[in-house]
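There are 2 protein chains.
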Amino acid sequence: MIKTEPRLQELMTRLRVLPGVGLRTAQRMALHLLTASHRNDAHELAQALQSALDSIGNCRLCRMLTEDDVCTWCRSEERAEPAQICVVENYGDALAIEQTNYQGRYFVLQGCLSPLEGITPKDLGIDLFIQRVQEGGFKEVILATNLTVEGETTAHYLREQLAGMQLKISRIAQGVPMGGELGYMDGPTLGLALLDRRDCSH
Amino acid sequence: MIKTEPRLQELMTRLRVLPGVGLRTAQRMALHLLTASHRNDAHELAQALQSALDSIGNCRLCRMLTEDDVCTWCRSEERAEPAQICVVENYGDALAIEQTNYQGRYFVLQGCLSPLEGITPKDLGIDLFIQRVQEGGFKEVILATNLTVEGETTAHYLREQLAGMQLKISRIAQGVPMGGELGYMDGPTLGLALLDRRDCSH
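Protein chains in written order, with numbering that gives the first Met the number 0: chain A, 0 to 201; chain B, 0 to 201.
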């Protein structure tokens with residue numbers, strides 16, 4: 000039966016774009032969504048996804064998700080440390096850091112340097128980042144890429160790009176275990192890692 | 000930031016309709032789908048879901064998912080046991096049974112009786128099922144609802160509804176599963192397995 004319903008097959012395939020969803024889970028999800036009692040919810044999910052894709056873009060300044068031209072984090076006048084900018088790999092990492100009372104700005108790379116996957120500085124908007132740092136009047140750049148090999152490589156590359164500019168460059172402390180991903184750290188650990196950031200400008 | 004993007008909030012909420020997806024996973028999925036490199040896939044997912052909802056309905060005869068009026072399982076002339084009909088709670092159960100070379104027809108209840116959740120015989124299309132059995136010329140009804148309290152209750156109810164009709168009614172066997180170790184089986188299961196022991200003397 001299932002094999003003869005192309006659109007059901009298609010849905011199962013597409014569901015696998017979701018993180019951590021394999022063949023088995025995708026099938027379970029598809030059958031769940033098409034059950035009579037869940038169809039309204041499923042319809043609203045499709046609408047919500049389409050509407051989010053249509054209306055949510057990236058902040059012109061920090062590449063964070065926003066429905067506007069510039070995100071509220073970049074616009075906000077209330078943030079106590081507007082001269083700090085924290086570079087993270089993805090949205091989730093920024094959200095995790097925001098939980099730690101960090102009061103500066105952000106820049107979201109949307110990934111990290113990876114020659115294997117062909118991810119270049121251009122893909123990470125690093126030129127945009129450098130420009131942002133130059134024009135934003137920042138005094139400190141906090142490198143908060145993951146403590147993975149790619150994250151460290153990216154941080155190292157950013158440090159090189161920022162060399163010679165009149166600002167403090169810091170890296171989150173090694174309070175975060177090697178291989179750990181910021182999105183999954185608990186607040187206290189992450190807060191401590193920010194607190195213990197070490198100066199690496201010289 | 001996130002809190003100020005209503006459509007992102009909406010997407011996170013809607014993603015929770017997926018089975019086994021909680022707040023944390025929903026957020027992770029939403030951010031993943033909106034990342035630049037995944038937007039095409041996300042768009043295709045939204046399309047696939049909408050298209051499936053629009054085109055896939057229930058088989059008029061067995062309530063299985065199909066794009067047609069009657070599903071291929073009900074239409075098929077090749078099935079060796081067209082006089083058997085197997086009643087299951089949901090699509091996934093039918094798919095699981097189909098893996099076992101079962102050659103009869105199916106009927107999908109899309110749930111099981113649950114006074115607490117207000118699920119009535121009407122919701123399960125049991126009237127449709129009785130009609131199907133009467134008109135389908137079946138010789139055996141196999142009750143394959145889950146071995147849970149609700150499943151057993153539903154099976155019991157179906158048995159009552161079928162009483163007096165000229166056909167064999169059977170229930171899938173309960174016992175120790177393949178590879179099961181007796182030492183780890185619960186008492187009731189083991190007791191029933193002993194009670195339902197089958198003669199293998201010849």
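What the hints contain is simulated information worked out from the structure, not anything from laboratory work. Hints are not guaranteed to be accurate.
Claimed, not checked - Partner residues aside, some chain B positions facing chain A, computed with beta carbon under 7 Å:
1. 13
2. 51
3. 201
Said to hold, decoys possible - Footprint (simulated), chain A over chain B, 3 or more residues, beta carbon under 8 Å:
4. 15-25
5. 29-37
6. 158-169
7. 180-194
As the list claims (entries may be wrong) - Chain A regions said to be covered by chain B (calculated; three or more residues, Cβ under 8 Å):
8. 11-20
9. 185-192
Where a beta carbon is used, it is the ideal one built from N, C-alpha and C, also for glycine.
Hint-by-hint comparison with the structure:
With 7 Å as the threshold, the beta carbon of residue 13 of chain B comes within range of chain A, its nearest partner Cβ sitting at about 4 Å, so the hint holds. For residue 51 of chain B, the shortest C-beta to C-beta distance to chain A is roughly 4 Å, which falls under 7 Å, so the interface hint holds. About 38 Å separates the beta-carbon of residue 201 of chain B from the nearest beta-carbon of chain A, more than 7 Å, and the hint is not met. Against chain A, the region 15-25 of chain B contributes 5 residues with a C-beta closer than 8 Å to a partner C-beta. That satisfies the three-residue criterion, and the hint holds.
With a cut-off of 8 Å between beta carbons, the region 29-37 of chain B has 9 residues touching chain A; three or more are needed, and the interface restraint holds. Coverage of the region 158-169 of chain B by chain A is violated. Counting CB-CB distances below 8 Å, 0 residues qualify, and the rule asks for three or more. Here's how the region 180-194 of chain B fares: 0 of its residues keep a CB closer than 8 Å to some CB of chain A, so the rule of at least three is not met and the hint is violated. For the region 11-20 of chain A, the stated coverage by chain B holds: 7 residues have a C-beta nearer than 8 Å to a C-beta of that chain, and at least 3 were required.
Counting residues of the region 185-192 of chain A whose C-beta sits closer than 8 Å to any C-beta of chain B gives 0, which falls short of three, so the coverage hint is violated.
In this structure, the hints that do not hold are numbers 3, 6, 7, 9, in rising order.
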